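*Asks:* Take the given structure of chain L and dock chain Z to it, following the hints.
Which chain is which? The protein sequence lines are L and Z, in order.
Residue 2 is where the first sequence starts when you use our numbering, and the numbers rise one by one after that.
Residue 185 is where the second sequence starts when you use our numbering, and the numbers rise one by one after that.
Think of the hints as simulated: they come from the structure by calculation, not from any bench.
Because the structure is a prediction, the values reported are computed rather than measured.
Ideal placement from N, C-alpha and C gives every residue a C-beta, glycine not left out.
Be aware that one or more of the hints could be misleading.
[Stated by the list, open to error] If we take Cβ atoms under 10 angstroms as the criterion, some of the chain Z residues that face chain L in the derived model are:
#: 1; residue: 239
#: 2; residue: 262
#: 3; residue: 275
#: 4; residue: 276
[As the list claims (entries may be wrong)] Below, simulated DSBU-like cross-link-like pairs (lysine-lysine); rule was C-alpha separation at most 35 angstroms, straight line:
#: 5; chain 1: L; residue 1: 248; chain 2: Z; residue 2: 224
#: 6; chain 1: L; residue 1: 278; chain 2: L; residue 2: 42
#: 7; chain 1: L; residue 1: 47; chain 2: L; residue 2: 259
#: 8; chain 1: L; residue 1: 248; chain 2: Z; residue 2: 192
#: 9; chain 1: L; residue 1: 242; chain 2: L; residue 2: 216
#: 10; chain 1: Z; residue 1: 248; chain 2: L; residue 2: 221
#: 11; chain 1: Z; residue 1: 219; chain 2: L; residue 2: 152
#: 12; chain 1: Z; residue 1: 248; chain 2: L; residue 2: 277
#: 13; chain 1: Z; residue 1: 294; chain 2: L; residue 2: 259
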Amino acid sequence: MKVTIDNITIDVEPGTTIMQAARQIGPHIAPPAMCYYEPLKGSGGKCRGCLVKVTAGSEKDPRPMPKLVPSCITQVQEGMVVENTVNEQVLEARKGVVEFLLLNHPLDCPICDQAGECHLQDFSFEHGVSKTRTVEERNTFEPVDLGPYIKLNMNRCVLCYRCVYTADQITEGRVHGVMHRGDHAEISTYIEKAIDNDFSGNVIDVCPVGALTDKTYRFKSRVWFSKPVDASCDCGKCSGKVTLWYKGDDVIRVTARKNIWGEVTSFICNTCRFEKKKTSDWKIEGPMAVPRHSVISANKYAANKITPAFPMKQAAEQYKKIDDNRDRSFLNAPKELN
Amino acid sequence: MNLSNRTKVLEQEEMTLSERIYLPAILGGMATTLKHFFQKPATIRYPEQTRYLGPVYRGMHILKRDESGAERCTACGLCAVACPAEAISMVAEERKKGEETLYREEKYAKVYEINMLRCIFCGLCEEACPKQAIYLRHDKMAPVFEDRNEVIFGKDKLVEKMDQRYLRDGWK
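Next comes chain L alone, as it looks inside the complex (with noise of 0.2 angstroms):
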């Protein structure tokens, strides 16, 4: 089945995804996701982070869509064009998700463990505005201790319902869910029932956001201050293949490995991710790559390709003169030293 993205075709099996087809050619391509989770199955279709413009639906029907529709859920068709990054209307629909998903956002990346690592820091950097148009209240709730490991910050949360799948398809019997409806909507657990499955620590993992933390992480360290290893280990529960983040000789977190989607490869347990912060512990594979862009390899490796495009543009927008009337005529002292 053959489908054109942003002018570059590719071949692909039919009932594939047209966000899975993007993926496909590249990350380039790729357009964002908020809320698909490639290994959770049902995900998608909520944060409408990556809807796209078809301007030919198939070759049979070339009409172009009425809509702008979500590249997550949408099969891709015979001969279908897709416009991403190169339409216009796409770009601006962007922008207007980004302002939707920070309605409620406390913006306190400053204090989140999540700042560096963060889907929302990347979509809102990469497609939003550096604004913000609104004065009202937000939303806020007190921060939740999800049993004795995670702490819920439903502050931050953008109800992609990613570790609501999580929980339902990974590990057995979920204890949380989403509560209430539109406005109002939140993750919570059965009054105080605490989440104390095994595998429940991967709801950190698959969380976008800052809204589910590891609380034995809590402020250790900023994201970009810790050196990724891979790391392994004979565990009889999971595949025991993880990522360790050393500061100095000590491991101060354990999270599961990712793909370049920042989609957890195999799913890890508690013992490991909570219980296992030695270096003894593991076997050491070698460092994590991590791309050059990422924050994360800020300060490790030579040549850092930050395009200086956004602070520029920020720099320039925030820019104050001084107002300083202080005297200064001496400054203009005759200068007749020889």
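*Replies:* Just chain Z now, kept in the frame of chain L:
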């Protein structure tokens, strides 16, 4: 040893009488010295006197407090990652109940250290700070230190004192 065959041998002429007695040259030097007695000196008596440093001078670092006296820094680490000299380090800590007047945000810097031997006073930390917490003062230079033990400045030296607040013109 002659390497290039381009060496020139200078022939010095014999000195004249006035040159041989040296007196005119000495008097000329004395006159130059004497002239400077009556001129405005090019130097000042630092540290008793100080010069105007300009409105955007980058001097001693200061960790600002807000109007109510709570520390603004949340130990987000952006200054440390922006620092080209890697002079800044910090350890974060969670704010406990009852400390709301001491720290503005949920997280604060328990330890905040700047190595003044490493710092190049470029001001990138000030630019990176999202909380307007760190500034390079325009009115005060970093103090002189005489011992290597003194060069790492901790929070005791960096945090603003509420009785001597640092305010800059044009901040309002």
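*Asks:* Does each hint fit the structure? Answer for all of them.
*Replies:* Here's how the hints hold up against the structure:
Given hint, residue 239 of chain Z at the interface with chain L, holds; its Cβ is 4 angstroms from that chain's nearest Cβ, closer than 10 angstroms. Look at residue 262 of chain Z: its Cβ gets to within about 7 angstroms of chain L, closer than 10 angstroms, so that hint holds up. The beta carbon of residue 275 of chain Z is positioned within 10 angstroms of a beta carbon in chain L (closest approach about 9 angstroms), and the interface hint is therefore held. With a cut of 10 angstroms, the hint placing residue 276 of chain Z at the interface with chain L holds, because the nearest CB-to-CB distance is about 5 angstroms.
Proposed proximity of residue 248 of chain L and residue 224 of chain Z is contradicted: the alpha carbons are some 57 angstroms apart, above 35 angstroms. Simply put, residue 278 of chain L and residue 42 of chain L have alpha-carbon atoms about 31 angstroms apart, close enough for the 35 angstroms limit, and the pair holds. The straight-line distance between the Cα atoms of residue 47 of chain L and residue 259 of chain L is roughly 22 angstroms, inside the 35 angstroms bound, and the hint therefore holds. Annotation: proposed proximity of residue 248 of chain L to residue 192 of chain Z is violated, straight-line Cα distance about 65 angstroms (limit 35 angstroms).
For a cut-off of 35 angstroms, the pair hint linking residue 242 of chain L to residue 216 of chain L stands: about 21 angstroms separates their Cα positions. Distance check on the hinted pair: residue 248 of chain Z and residue 221 of chain L sit about 23 angstroms apart at the alpha-carbon level, within 35 angstroms; holds. Of the supplied pair hints, the one linking residue 219 of chain Z and residue 152 of chain L is violated, its CA atoms being roughly 77 angstroms apart against a limit of 35 angstroms. Taken as a hint, the residue 248 of chain Z and residue 277 of chain L pair is broken in the structure, with Cα atoms around 40 angstroms apart against an allowance of 35 angstroms.
Restraint check: the Cα-Cα separation between residue 294 of chain Z and residue 259 of chain L comes to about 32 angstroms, which is no more than 35 angstroms; the hinted pair holds.
Checked against the numbered hints above, the structure violates hints 5, 8, 11, 12; every other hint is satisfied.
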